[in-house]
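Residue numbers (this note's numbering), protein chains in the order written: chain A, 143 to 446; chain B, 686 to 904.
No lab work stands behind these hints: they were computed from the structure.
This one's a predicted model, so the numbers in the text were calculated from it and none came from an experiment.
Be aware that a few hints might be false.
[Unchecked claim] Think about it this way: if two alpha-carbon atoms lie no more than 20 Å apart in a straight line, the pair counts; the simulated SDA-like pairs of lysine to any residue are:
no., chain 1, residue 1, chain 2, residue 2
1, B, 715, A, 425
2, A, 273, B, 903
3, B, 755, A, 426
4, B, 715, A, 423
5, A, 271, A, 286
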Amino acid sequence: MTGKLPTGKLVAVANMKGGVGKTTSVVMLADALAAGGASVLVIDLDPQASASVCFAGDAILAEMITGGRTLDYYLGLRIVDRDKAALPDFIRDHVSSTTHLGEPLPISLLASGPSLRIVEREIIYALTKRKFSMHAIEGHLWKLFQEDFAPLRDQYDYVLFDCAPGISPMTEVAIRASDLVVVACISDFLSTYGLKAFYETIWGVGSASESMLAPRRPPHVLITRWQNTKQQATTFATLQASAAAQDARFRLFRTRVPQSAALANALTLEYQTFANKYRDATRDLIGEVITPVVAELKEALDGA
Amino acid sequence: MALEIDGLAVLCAIAEAPEAFPAIRSDVTKAAHALVTKQLKARSLDLPGLRAVREALGPQPLALIVDGLKDAEVKALATRLDKHHPELKDGPAVLHRRHLMALAGTLAPVAAPAAKPKPVNATARKTAAKAADPRAADPKAADTKAADTKAADPKAAAPDVPVQNGPAAKTAAKTAAEGRAAPAHGKPTAGKDTAGAPTDALASAAMAARPPRRPRQQD
Numbered sequence: 143m144t145g146k147l148p149t150g151k152l153v154a155v156a157n158m159k160g161g162v163g164k165t166t167s168v169v170m171l172a173d174a175l176a177a178g179g180a181s182v183l184v185i186d187l188d189p190q191a192s193a194s195v196c197f198a199g200d201a202i203l204a205e206m207i208t209g210g211r212t213l214d215y216y217l218g219l220r221i222v223d224r225d226k227a228a229l230p231d232f233i234r235d236h237v238s239s240t241t242h243l244g245e246p247l248p249i250s251l252l253a254s255g256p257s258l259r260i261v262e263r264e265i266i267y268a269l270t271k272r273k274f275s276m277h278a279i280e281g282h283l284w285k286l287f288q289e290d291f292a293p294l295r296d297q298y299d300y301v302l303f304d305c306a307p308g309i310s311p312m313t314e315v316a317i318r319a320s321d322l323v324v325v326a327c328i329s330d331f332l333s334t335y336g337l338k339a340f341y342e343t344i345w346g347v348g349s350a351s352e353s354m355l356a357p358r359r360p361p362h363v364l365i366t367r368w369q370n371t372k373q374q375a376t377t378f379a380t381l382q383a384s385a386a387a388q389d390a391r392f393r394l395f396r397t398r399v400p401q402s403a404a405l406a407n408a409l410t411l412e413y414q415t416f417a418n419k420y421r422d423a424t425r426d427l428i429g430e431v432i433t434p435v436v437a438e439l440k441e442a443l444d445g446a
Numbered sequence: 686m687a688l689e690i691d692g693l694a695v696l697c698a699i700a701e702a703p704e705a706f707p708a709i710r711s712d713v714t715k716a717a718h719a720l721v722t723k724q725l726k727a728r729s730l731d732l733p734g735l736r737a738v739r740e741a742l743g744p745q746p747l748a749l750i751v752d753g754l755k756d757a758e759v760k761a762l763a764t765r766l767d768k769h770h771p772e773l774k775d776g777p778a779v780l781h782r783r784h785l786m787a788l789a790g791t792l793a794p795v796a797a798p799a800a801k802p803k804p805v806n807a808t809a810r811k812t813a814a815k816a817a818d819p820r821a822a823d824p825k826a827a828d829t830k831a832a833d834t835k836a837a838d839p840k841a842a843a844p845d846v847p848v849q850n851g852p853a854a855k856t857a858a859k860t861a862a863e864g865r866a867a868p869a870h871g872k873p874t875a876g877k878d879t880a881g882a883p884t885d886a887l888a889s890a891a892m893a894a895r896p897p898r899r900p901r902q903q904d
């Protein structure tokens, strides 16, 4: 068990490419960190609301949407309408139905809904109407993030952002402002090709501006859906060599997350203990994968 | 000359010199899990036995292993060790785990209810009734009586119809009350992989939900 950290950490799980296991990684990390005794907040930045439905379930998420208790509603109030709204009021605590040692995992959720896509467009439209330049819009979102989101680190040990694929404006701010960006990536040609584009967009030369800083650390690539095929092994070896190079532009988690039915099933809402949720008949998923990934995450946050 | 290793001595030796056994590090965890799980599932395990396991391992390792047992296994063990507890039979899985761990600590099981007064000897009562009631001699009349009793008890009246008050129904009611989606069933039975799947793959309350209009929202 870990004690309360002096200040919480902001971790963005991202990739421009979809279907690489971002939400699976967020759920796994949130569960594992919470099972280790940390308080965890998951912020869903994806209009598909995958992380939201994984933690809250369809019915509660519907209630949150109709009750105006989602990220998109909050952003609409704060940026588009310039109304007052306190972000903690939009967070739902104790959303996890998973237990560990007899207690529910301490996971909270700032959910999103399908309207996030529309609200993000509304934000651009409203700010453009107020004669904001593109840089000024970025700066406005950055300021909002620093004022409203960053202070959440005082209430939670870890704040995990499940980023939308394609990088929306809000996602980009979260990526740039987080303490660590975990890039979920399949070890195959297309995913690593997408990784190059993602790197150039966020960390590349000239990608930062006066209004938005570059992320404080290089991206940490987490291989997901690992299958021991020749192609995946070759790609992984290339990634390893690049990450070990002197001028390496990214770091690589040593542990690879395997393609696992248990991880896919972990996205359901069924009541389970943490031990049973991540039970995999073919491997010791908790001991050989989840525990080392969490240890590497903490190592990266503390030292890198 | 020894004919077999002393398993306990070998396990102790492995534990004392793990650096000599690097290749089996993860197997040790699996083996430890398997050994304790087998002990917990043993039919002979009684309450002092459970407490001895806790004493030997410590509360947290035992709790971790109990977390890894199936819900049904935990329920079976908890109800076997605390037969008369009124809430265990229908309680949720989390209650069974908590209760089992409490029993492994210091919690005493619920005492058996006081013995009911011995009913009057059934044969003697039957003979007396027979003498008093001429209908009892007629088997058809006896059937009618049985039917009356069944009518008064709906459970008895329709024994083949599953009564919707079992644990599953309670869980469903609880999840419905909490606004959660009903949990999926456990492992699918062979050949019934699609049992319990929703009829409409696109059905979702959340995706159909619309946020309220913001006070100052413009069209």
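Cross-check of the supplied hints:
1. B:715 with A:425: holds (10 Å)
2. A:273 with B:903: holds (18 Å)
3. B:755 with A:426: Answer holds: residue 755 (chain B) to residue 426 (chain A) is near 17 Å, not above 20 Å.
4. B:715 with A:423: Holds. Residue 715 (chain B) to residue 423 (chain A) sits at ~11 Å (cutoff 20 Å).
5. A:271 with A:286: holds (19 Å)
The structure is consistent with each of the numbered hints, conforming to all of them.
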